[in-house]
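Here's the letter readout for the chains.
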Amino acid sequence: MRRTPASRSRDAVRLAVAAEAREAAREVFTLDPILGDDSAQRAADAFVEQAAMSLVVLATVAEERA
Amino acid sequence: MTGMPAGDPASCSHMGGTLRRRAAGLAQAAYPLPADSATGRLAGAVCAQVDRAGRALQGYAQDLAEALATHERLAVRAAAAGLDVQGWRVVEPYGIVTVPTIQARREAAPDLQAALDRGNARLGRARAAVTRELQAAHAALAQIATRAELPT
Numbered sequence: 001m002r003r004t005p006a007s008r009s010r011d012a013v014r015l016a017v018a019a020e021a022r023e024a025a026r027e028v029f030t031l032d033p034i035l036g037d038d039s040a041q042r043a044a045d046a047f048v049e050q051a052a053m054s055l056v057v058l059a060t061v062a063e064e065r066a
Numbered sequence: 001m002t003g004m005p006a007g008d009p010a011s012c013s014h015m016g017g018t019l020r021r022r023a024a025g026l027a028q029a030a031y032p033l034p035a036d037s038a039t040g041r042l043a044g045a046v047c048a049q050v051d052r053a054g055r056a057l058q059g060y061a062q063d064l065a066e067a068l069a070t071h072e073r074l075a076v077r078a079a080a081a082g083l084d085v086q087g088w089r090v091v092e093p094y095g096i097v098t099v100p101t102i103q104a105r106r107e108a109a110p111d112l113q114a115a116l117d118r119g120n121a122r123l124g125r126a127r128a129a130v131t132r133e134l135q136a137a138h139a140a141l142a143q144i145a146t147r148a149e150l151p152t
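Sequences listed follow chains A and B, in order. Using our numbering, the final residue of the first sequence is 66, and nothing's skipped along the way. Using our numbering, the final residue of the second sequence is 152, and nothing's skipped along the way.
Please keep in mind that the hints were generated in silico from the structure rather than gathered at the bench. Bear in mind that the values here come from a model prediction, so they are computed numbers and not experimental data. Ideal Cβ placement from N, Cα and C applies to all residues, glycine included. One or more of the hints may lead you astray.
What the hints assert, rightly or not - Covered by chain A, per the in silico footprint, the following chain B stretches (three or more residues, Cβ under 8 Å):
no. : region
1   : 8-22
2   : 49-58
3   : 122-132
4   : 135-149
The following block holds chain A by itself, in its conformation from the complex (with noise of 0.2 Å):
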């Protein structure tokens, strides 16, 4: 099947938006914040790793339907 301009372009930005995903899940596994209460510390840190997680799934998804 011969692929359009248009979905060309859209997966440039599928791409785009891969790329952008994975770089914010490197970032945001480096963040370390200090809360100053165990139950707050635990849940930043639950969510510092569910974050990136769930940024290099996107990332995969957008690969995937490039």
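Dock chain B against the given chain A, drawing on the hints supplied.
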């Protein structure tokens, strides 16, 4: 003064700012995609939760900074009245003192303790709020990631 409340507003503000900046960058990159496409939908959902957590952390950083400033200000007031602050409690330092000093301490202590209690309660509410928001964003992201990984 001993036992400053724990927490670092700068690190919380940095994380909040980073999350919001990354969410905005991702939303901008995904903007040309149709909102009902798989990638467009997923990017929108992830960005919303990352930005939500970032906003909560920025708010918390401000509340924490205010709490630390309040604590410091009250500790200075306590010291001027011959009292000490440990954590969020007003205490009388050890040592021999004169009767006027004892009277001055007893007059100043209730107001100071009430102000410290208010500061501690405000910080507690801020901590509960940021914890709730982070847990909610975490749960939403987990659900989004699970759905995205399911074969369609």
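Consistency of the hints with the structure:
no., hint, result
1, 8-22, "holds (count 8)"
2, 49-58, "holds (count 4)"
3, 122-132, "holds (count 3)"
4, 135-149, "holds (count 9)"
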